[in-house]
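Asks: What follows is each chain in one-letter form.
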Amino acid sequence: QQQVKQSPQSLIVQKGGISIINCAYENTAFDYFPWYQQFPGKGPALLIAIRPDVSEKKEGRFTISFNKSAKQFSLHIMDSQPGDSATYFCAARGGNFNKFYFGSGTKLNVKP
Amino acid sequence: DTGVSQDPRHKITKRGQNVTFRCDPISEHNRLYWYRQTLGQGPEFLTYFQNEAQLEKSRLLSDRFSAERPKGSFSTLEIQRTEQGDSAMYLCASSPQDTQYFGPGTRLTVL
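Protein chains in written order, with my numbering: chain A, 124 to 235; chain B, 7 to 117.
The reader is advised that the hints may include incorrect statements.
Said to hold, decoys possible - Derived lysine-lysine pairs resembling DSSO-like cross-links, with alpha carbons at most 27 Å apart:
#1 B:K63 with A:K165
#2 A:K222 with A:K194
#3 B:K63 with B:K17
#4 B:K63 with A:K222
#5 B:K20 with A:K222
#6 B:K63 with A:K128
#7 A:K138 with A:K222
#8 B:K20 with A:K194
#9 A:K234 with A:K181
#10 B:K20 with A:K230
#11 A:K165 with A:K128
#12 A:K222 with A:K165
#13 A:K180 with A:K191
#14 A:K234 with A:K165
#15 B:K20 with B:K63
#16 A:K181 with A:K191
Hint data in this document are derived by calculation from the structure and do not stem from the laboratory.
Just so it is clear, the structure is predicted and the values come from calculations on it, not from any experiment.
Here chain B stands alone, though its shape is the one from the complex (with noise of 0.2 Å):
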């Protein structure tokens, strides 16, 4: 499968705890984006790497939130000390250009 792949696909944690997604891209995707997704709603931009620099940030990202793309492979999105309203899907796309690929995301549940 050549698809963009999220690891874990469910993940269910107590509030203050931290977490953390993986995303692999397509290969020779060098654009990543992290979207986060509620129910009801389109998908909110988090952030956008192109290779492994970090170019935007949404500023509705608490401090809690970090994301990294080493090498500009696969990238990971942590949140720390979560609170009860992060629970979403967290979905993560490549592209080439133009073109954005969505992974299956992550859904998060904070209890």
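This is chain A alone, in the form it adopts within the complex (with noise of 0.2 Å):
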């Protein structure tokens, strides 16, 4: 059973626009949910990450709305640019030690 639900699959924005990047779980002992932006042949790079006691988050460009009650956590990206094009990863952290649950991945295209 796959633990953390990410769509879409994939992702096409003009540049300026508003990306928006959604992931829903089911286990509420998951206390740490982080977004990862990865490049072809590079490791997932860590973007922003909020823990459930916080409803939104922003750092720079980039927002992450938790929502608790519907266990949903969404990613936003404003004024999106061609460098963001990348995939993105949502995840989910739970269990004794720290296991982490990673989303199947949205790939984003930032069109000029």
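Two chains, two separate frames, one set of hints: put the complex together.
Replies: If you want it as structure tokens, here you go:
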């Protein structure tokens, strides 16, 4: 059973637009929700993360919105740029040993 | 460079051979993770170390896979009797507490 479900699988956005990626989870024991950006041939790099006691976190052009009751969280990229074109993964941490579960990824293409 | 490093970056092997990968975490990070990533998918948890203790191992990991972290510093992941299905990117990440810092990965191709 997939612990974290991510959508959409791919996304095309015009330069300057807003990119929105959504994730949903089932396990209420998850206590930490990071978003990662990955370029081809590279390892994932942390973008921004949130804990479930906070509904929103903003860092520069990146915002996480967190809905604890719906068990959903999303990444918003404001003023999207061609350099943002990458694959984005949401993740959730849970369990006694800090195990991370990743979504299946969203490939973002920002058109100039 | 003080990031997570992995060696080798690429490995091509024949089916049935054994391979070993190395991960050097950021110094003083006591947590270390191994993941496998196939094309178009998110990283899949393999195993987790806190210092030198291997605290969790995925049920997806067959007996052909073994990992060590002697002295709580670098870690190795060995795959014995490789199969074509083992072809993937193997990622290592280290963490002081919450944030995971990933290495560049080792891409394994099994012919």
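Asks: Hint by hint, say whether it matches the structure.
Replies: A quick look at each hint next to the structure:
{"no.": "1", "hint": "B:K63 with A:K165", "result": "holds (24 Å)"}
{"no.": "2", "hint": "A:K222 with A:K194", "result": "holds (18 Å)"}
{"no.": "3", "hint": "B:K63 with B:K17", "result": "holds (23 Å)"}
{"no.": "4", "hint": "B:K63 with A:K222", "result": "holds (10 Å)"}
{"no.": "5", "hint": "B:K20 with A:K222", "result": "violated (32 Å)"}
{"no.": "6", "hint": "B:K63 with A:K128", "result": "holds (22 Å)"}
{"no.": "7", "hint": "A:K138 with A:K222", "result": "violated (36 Å)"}
{"no.": "8", "hint": "B:K20 with A:K194", "result": "violated (44 Å)"}
{"no.": "9", "hint": "A:K234 with A:K181", "result": "holds (24 Å)"}
{"no.": "10", "hint": "B:K20 with A:K230", "result": "violated (32 Å)"}
{"no.": "11", "hint": "A:K165 with A:K128", "result": "holds (23 Å)"}
{"no.": "12", "hint": "A:K222 with A:K165", "result": "holds (22 Å)"}
{"no.": "13", "hint": "A:K180 with A:K191", "result": "holds (14 Å)"}
{"no.": "14", "hint": "A:K234 with A:K165", "result": "holds (22 Å)"}
{"no.": "15", "hint": "B:K20 with B:K63", "result": "holds (26 Å)"}
{"no.": "16", "hint": "A:K181 with A:K191", "result": "holds (17 Å)"}
Hints 5, 7, 8 and 10 from the earlier list are contradicted by this structure; the remaining hints agree with it.
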